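Enquirer: Listed below, chain by chain, are the residues.
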Amino acid sequence: MSFFIDHPKARWMLPVAAIGVIGATALTVTQTANADSGLQARTAAQLLADVRSANVSSLSGTVVQTSDLGLPEIPGLGSSGRPGLASSSLTSLISGTHTWRVWLGGPTRQRLALIGSNGESDVIHNGMDVWLWSSADKTAVHHKLSADQVRAGSADKRLPSGLPSGVPSTLPSGAPRTPDEAARAVLGLMGKDTTVTTSGTASVAGRSAYELVLTPNDKTTLVGSVRIAIDSQEHVPLRVQVFSTKLANPAFEVAFTAVDFAQPDARQFAFTPPAGTTVTESGDLTTPKAGASADPAPVKTSADPSAKVQGAPTIVGSGWSTVVVAPYTLPSPQNGGAGGSAADSAAQLGGILKALPTTSGAWGSGHVLQGTLFSLVLTNDGRVAIGAVPPTQLYSALAAK
Amino acid sequence: MSAAESVLTDGPQRVAGSDGVPLSRRLSTRLLRSELRLIAGRRRNQMGLLVLAAVPVFIAVAVRISSPREGRGPDFLSSITSNGLFVPIAALSVELGLFLPLAIAMLAGDAVAGEANLGTLRYLLTVPVGRTRLLVTKYVSLLIGAVWGVAVVVLAGAIAGIALFGTGPMLTLSGTEISFGSAVWRVVLVSLYIAVGLAALGAVGLFISTLTEQPLAATVALMIFTILSWIADSVPQISWLHPWLLVDQWMAFGDLLRDPPFWDNIAQGLRVDLAYVVVFWLLAWARFAGKDITS
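Protein chains in written order, with our numbering: chain A, 40 to 440; chain B, 354 to 648.
Worth flagging that the hints you see were computed from the coordinates, not collected in a lab. Just to be clear, a hint being listed does not mean it is correct.
What the hints assert, rightly or not - Here are the simulated EDC-like pairs of lysine to aspartate or glutamate, each with C-alpha atoms no more than 20 Å apart in a straight line:
(1) K177/A x E566/B
(2) K48/A x D645/B
(3) K285/A x E320/A
(4) K183/A x D168/A
(5) K644/B x D45/A
(6) K177/A x E320/A
(7) K644/B x E566/B
(8) K285/A x D107/A
(9) K393/A x D420/A
Given the structure is predicted, the values throughout are model-derived calculations rather than measurements.
Take these sequences, add in the hints, and give me the full structure.
Expert: Right, here's the structure in full:
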């Protein structure tokens, strides 16, 4: 103590040291530990085979998805009404940062909980029942699966994605909900025009993982590379990062921040609508709508949830630089039908789309949206072109039609 | 400890302590008890507690007499009718924005700046107590003040809520129902989490309080700090700063009402709280121990 009496100014060293220690600790924690974890080297081909044969039937964990797609800020879509607060609405997955928890107990039991600020949306699949729960408006939607669908689900040996196919939900069809789902979408897209390499090991959610790097050979695409971190033991993708050619940081990332491969408690999959809840029975499920699986890239579809595609889309090009051209009509506030808020957001979206910069060329004229991973052109004659390419490619695709 | 102090500590009950301060006195809670008596005795603090307690009662009565209607009020408001324990939670979420930080700001303003302003600080230091010990006592009393304030809100809310809405099962955010007993535990956890956040704000307040001799200036400065933090937290363009803001995870107490509770944000909030406590208490110590006490 006498040191501080002789040197009163030296007292300030203590808080400064505390700030230094805290800052350094925070930095080392957030920095992805890329140290060599002593894993055996595996080739890209071996890793691809690992991912395709992964067989994980139980899991619980937390997934964080971040996206920087270069979309205009859409109030009420990206975030909830209040700024700074994450929304728990399932339709808001397309921009910003989102956290959800996944539980997986075999092929017939899954639960996905989207964590919002003081709200939560759950999708619970247990046997023949699928429940959608929303804490914000205290509603539950009940779907009854047919025996065929249950069997189809159990036949699928892969890591289920949280929702059995065919459930008409408010989930955006494009946004992958687990790293596994994102990895599958990317691997499905991958063709001969992709260079597959490994970049050693990474640490994701406290587990050591191999990293697979997919680089498109096609130089016209906006996708710079895709990195998939694969768990070294369970061979499940733990993280998928999509890099844009425009950004240094991932434009889209979905990753586990915590994961446990033990069988979760059966209680997680039990859902009985609590008293005071509005329960909607959806009736029998019909055939699945054309969804994410039909689209060439997961991020593309999320760009344009409002433009209702009514005609058959035309595919121009192939691989990473695929361009989809489709007729569209803007949803008008009158035909919203579902309710006031839906009509409101449709009108809002229509306004936002109209506010996009205009462009014209040999193909006509319209509005253009330049994202970090995709571009979108809405022509004035009622066509929409979208692809993971710069707008010039879209213009030539539109002109070719 | 200063030289003058060790002379003054010579007394009949002196135990051979390493730096001359008897062990019994170092562990004595006399200073703390007198500090708490002072805090509890101030009329403005009693009025403040009354306001804190009035909010949950007001919420409970308003929900009771109005017919159930659709609409989005503050968080958890719509859940009150099913379980009375949502009254304290709704009240906390309402008061966490302004009233509870204001209560801490009042106490923090009085803690050092108030004593300096009244001219009692120098008498306190001749008692004799070391400045470090005085600062620890002041901080512990702020901590107790934070728990006190939250407890008043929660108890008033729980009593009003249970009286008006009963003790049904609690609906978690995940859509499951938990028994009243475990609901009580959830509310206790929520209260503790909020009290820790307020105690961290108290450390900031203590530091500001050592900078000035005007208690009002310290109170206003701490409120400005709080409100600026809320504003910064709501600007998405500076999202890199958000994890470092004290208030960033304050509202995460809702995660304790999930089934099972979601700990990630709570843990992050507690880490930030702890960092603020350490840094700002040390800043206050560096400032106070070297400060000239002129009044």
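Enquirer: Evaluate each hint against the coordinates.
Expert: Against the structure, the hints come out as follows:
Pair hint K177/A plus E566/B does not hold up; C-alpha atoms about 52 Å apart against a cutoff of 20 Å. Straight-line distance between C-alpha atoms of K48/A and D645/B comes to about 13 Å, which keeps the hinted pair within the 20 Å bound. Taken as a hint, the K285/A and E320/A pair is broken in the structure, with Cα atoms around 46 Å apart against an allowance of 20 Å. Of the pairs offered as hints, the one joining K183/A and D168/A holds, with about 5 Å between alpha carbons and a cut-off of 20 Å not exceeded.
The straight-line distance between the Cα atoms of K644/B and D45/A is roughly 14 Å, inside the 20 Å bound, and the hint therefore holds. The straight-line distance between the Cα atoms of K177/A and E320/A is roughly 15 Å, inside the 20 Å bound, and the hint therefore holds. Our distance criterion of 20 Å between C-alpha atoms is met by K644/B and E566/B, whose separation comes to about 12 Å. Distance restraint check for K285/A and D107/A: the Cα-Cα separation of roughly 11 Å lies within the 20 Å cut-off, and the hinted pair is therefore satisfied.
Simply put, K393/A and D420/A have alpha-carbon atoms about 14 Å apart, close enough for the 20 Å limit, and the pair holds.
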